[in-house]
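A.B. asks: Go by the hints and put chain H onto chain B.
Protein chains in written order, with the working numbering: chain B, 1 to 314; chain H, 1001 to 1424.
Any given hint could be a false lead.
[Claimed, not checked] Part of the chain H face toward chain B, derived, beta carbon under 7 Å:
1) Ala1090
2) Gly1092
3) Leu1131
4) Ser1249
5) Asn1250
6) Ser1419
[As the list claims (entries may be wrong)] Stretch-level coverage of chain B by chain H, calculated; a stretch enters the list once three of its residues show a Cβ under 8 Å from a Cβ in chain H:
7) 79 to 85
8) 240 to 246
9) 268 to 275
In short, the hints are calculated from the structure, not lab data.
C-beta: ideal position from N, C-alpha, C; glycine also.
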Amino acid sequence: MRPSRTHSRRDGTGKAKRKPVTEGTKAERRLGLLLCAPAALTMLLVAGWPIVYSFLLSFQRYDLRFPDARGWIGFDNYVTVLTNQYWWTAFTVTTVIMVVTVAIELVLGMALAMIMHRTLAARGLLRTAVLIPYGIVTVVAAYGWKYAWTPGTGWLAGFLPEDAAPLTEQIPALGIIVLAEVWKTTPFMALLLLAGLALVPDELHRAAEMDGASRWQRFTKVTLPLMKPAILVALLFRSLDAFRIYDNIYVLTNGSQSTSSVSILTYHNLIGGLNLGIGSTLSVLIFLTVTLIAFIFIKIFGATTPGTDRKERR
Amino acid sequence: MARTTSSASVASGWRPLVLGVVLATLSPLIVACGSQTSGIVINLYNGPQENFSTIIDRCNDLARGKYRIKLRQLPRHAEGQREQLVRRLAAGDAGLDVMLMDITWVAELAEAGWIREWTGEQTRQVEDGTLAKPLETGRWNNKLYAAPYNTNVQLLWYRSDLVQTPPKTWKELIEAADKLAAAGKPHYAEVTGAQYEGLVVWFNALVASAGGGIVSDDGTKGVLDAGALKALQTMKAFATSRAADPSLSNTQEQEANLAFQSGAAAFQLNWPFVYTATRDTNPQLFSKLRWAPYPGIDGPGRSPLGGAVFAVGKYSKHPKEAFEAALCLRDPVSQKIAAVKDGLPPTIRSVYDDPEFIAAYPMRDAILQALETAGQRPHTPFYQNISTTMSTVLSPPRAIDPEATLDRLRDEISDALQSKGVLP
Chain B
1 MRPSRTHSRR
11 DGTGKAKRKP
21 VTEGTKAERR
31 LGLLLCAPAA
41 LTMLLVAGWP
51 IVYSFLLSFQ
61 RYDLRFPDAR
71 GWIGFDNYVT
81 VLTNQYWWTA
91 FTVTTVIMVV
101 TVAIELVLGM
111 ALAMIMHRTL
121 AARGLLRTAV
131 LIPYGIVTVV
141 AAYGWKYAWT
151 PGTGWLAGFL
161 PEDAAPLTEQ
171 IPALGIIVLA
181 EVWKTTPFMA
191 LLLLAGLALV
201 PDELHRAAEM
211 DGASRWQRFT
221 KVTLPLMKPA
231 ILVALLFRSL
241 DAFRIYDNIY
251 VLTNGSQSTS
261 SVSILTYHNL
271 IGGLNLGIGS
281 TLSVLIFLTV
291 TLIAFIFIKI
301 FGATTPGTDR
311 KERR
Chain H
1001 MARTTSSASV
1011 ASGWRPLVLG
1021 VVLATLSPLI
1031 VACGSQTSGI
1041 VINLYNGPQE
1051 NFSTIIDRCN
1061 DLARGKYRIK
1071 LRQLPRHAEG
1081 QREQLVRRLA
1091 AGDAGLDVML
1101 MDITWVAELA
1111 EAGWIREWTG
1121 EQTRQVEDGT
1131 LAKPLETGRW
1141 NNKLYAAPYN
1151 TNVQLLWYRS
1161 DLVQTPPKTW
1171 KELIEAADKL
1181 AAAGKPHYAE
1191 VTGAQYEGLV
1201 VWFNALVASA
1211 GGGIVSDDGT
1221 KGVLDAGALK
1231 ALQTMKAFAT
1241 SRAADPSLSN
1251 TQEQEANLAF
1261 QSGAAAFQLN
1271 WPFVYTATRD
1281 TNPQLFSKLR
1291 WAPYPGIDGP
1301 GRSPLGGAVF
1311 AVGKYSKHPK
1321 EAFEAALCLR
1331 DPVSQKIAAV
1341 KDGLPPTIRS
1351 VYDDPEFIAA
1361 YPMRDAILQA
1371 LETAGQRPHT
1381 PFYQNISTTM
1391 STVLSPPRAI
1401 DPEATLDRLR
1411 DEISDALQSK
1421 GVLP
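Excised from the complex, chain B in its bound form (with noise of 0.2 Å):
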């Protein structure tokens, strides 16, 4: 809470004793927007346009194979959308994937980043030894869980028991799409976090030590408290990729048994069932559902960049 409440005095203070701007200031602002103008610009147009598209597409009955029953129909994608129950078995599925795997991901993410942190030997090597999940195309790595898991041909079905295939039911599937995610980008939120942990001076842990905190002390007084803001973003960034899974699950179940997320759902409406009336709502509804975890992150948990509080407005 603490940085975001600096960042508004400091704004209520910057806007008290604005100064006269100087005609050379004036041409130099205008330099910069101008020199902004084209990257906006491209912006706007890659990707403002198509999510304007995706809203209107949302209201329309528009089934490619059918041009001819094309229409507005309002709102009754999203009321047919809304009372379906696969929509609402892939948002819960989403959802629980989500949740488990950046918790678990935060977990493992945060005893990486410390090894990191403080190993004294081979410190190059280990970096890139735990950066190597992420550096594997996410379709290979799934591929290669999904022959894994396979009965008969996998090495990790040969641990389960006979005639077991876990791919092919729910719960088992679904947690090896967790583990197969968590495998994947636990050294990303590594990463994040040992930024997070580069911020901490190592004079307060001394001095914490001087008091004589414990190091389960240190670390939840010292360390996490400071560590706050990174942890914020990595939650963020991550919960916001999360939600959208397509990948693991493309490989692993194509969404069987009930294992699809709300981006295979999608995928499965747009491409596959060539419904773009049906496809668009879904995906606005993605759009919508990630800007309100984004929002929740900012407004009510109060994630903001690494250093803004301390370098903004210059």
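C.D. replies: Showing chain H alone in chain B's frame:
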């Protein structure tokens, strides 16, 4: 001075490259003058088929330079193939000349106006001597949109060392498995029960065998009558019996055959490719491999109908040549190559009397007989929607609750038939 040198050296460096490009652009023309090729390339889209190039090479020779067929390979699985084709067609891709596609896509692509109707003399050529059931799959609204290439029917394959008289119904099949299990012998019957098209194929065959229907003949309404209920009861009874492999809900065609090869099963319901596959990989088991008609529910069974058809893309720039190429690719000689080398049963009746074919297909009569009654899957532009829906609702087969499942199918299929509702 320095500048001149450098520009000169750039020029001299460019010259061979430019010459090369010019030559490369001209060379097809130069060759064309020699052998009088038109330079028309017919793009042919198909999934992997081992000896397809033999067929293409022959047709290219026969074309004598009028056109050249170039194979563009699609993914192995039908779903991936359809996805690529419909995306390109929806975007009006002119590069799609000839497509070899699953029989269940004809209505969808024809209704969307993405494939061309066969007309005149060429229609007659396709109809001439082609078996009735496969030919029907190429039609939509009484017009011919696709020319049958291969057909397919499933048979009941069994081991003669375990089974003396093959079961005629699913009930007998379950009883036979019970007896084998009691005697401690391999007793599974392999069926395609995974959540994919194969599950729909199974359900459809059972509905047809029970004399029921899934979708009305005009493809607009869900039927799902008493026959469909019987089919669901049979699936449930089978899936919970000792005949069912524990990995039934994970079994596709290949897995079914592999389980049979491994010796764990006494039966399998599968396409004729298992005959050549067993012959090539497991000679010992091959000597015991026998076949019987697809089991029924009360009376004789009706096998599922599979197969592939050739269609010409709406946006093709060379439709005339494309139709000609498709005709060649499906002529009796091509079909014989596909049948003998790749295990794909032909759609032209005369090929079944070819001595080479007879030698390679001892189950010829069983196939022809099954083709008389084989049950086609619903012929509707919404096939993709209802198929996805059905495979989701029916999976896993052991969880089927006949009455409730039928209600759910009825609801979701009627939604799917209006492209309403969300696909799973």
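A.B. asks: Against this structure, judge whether each hint is valid.
C.D. replies: Now for the hints, and whether the structure bears them out:
Annotation: interface hint on Ala1090/H holds; nearest CB of chain B at approximately 5 Å, less than 7 Å. Look at Gly1092/H: its Cβ only gets to about 11 Å from chain B, farther than 7 Å, so that hint breaks. The closest approach between the C-beta of Leu1131/H and any C-beta of chain B is roughly 29 Å, which is over the 7 Å cut-off, so the hint fails. A hinted interface residue such as Ser1249/H counts as satisfied when its beta carbon comes closer than 7 Å to some beta carbon of chain B; here the least separation is about 5 Å, so the hint holds.
Hint on Asn1250/H holds. Least Cβ distance to chain B is approximately 4 Å, under the 7 Å limit. A cut of 7 Å between beta carbons decides the hint on Ser1419/H: the least distance to chain B is about 5 Å, and the hint holds. Restraint check on the stretch 79 to 85 of chain B versus chain H: 3 residues with Cβ-Cβ distances below 8 Å, three needed, restraint holds. Given a C-beta distance limit of less than 8 Å, the hint that chain H covers the stretch 240 to 246 of chain B is violated, as 0 residues qualify and 3 are needed.
Counting residues of the stretch 268 to 275 of chain B whose beta carbon lies closer than 8 Å to any beta carbon of chain H gives 7, which reaches the threshold of three, so the coverage claim holds.
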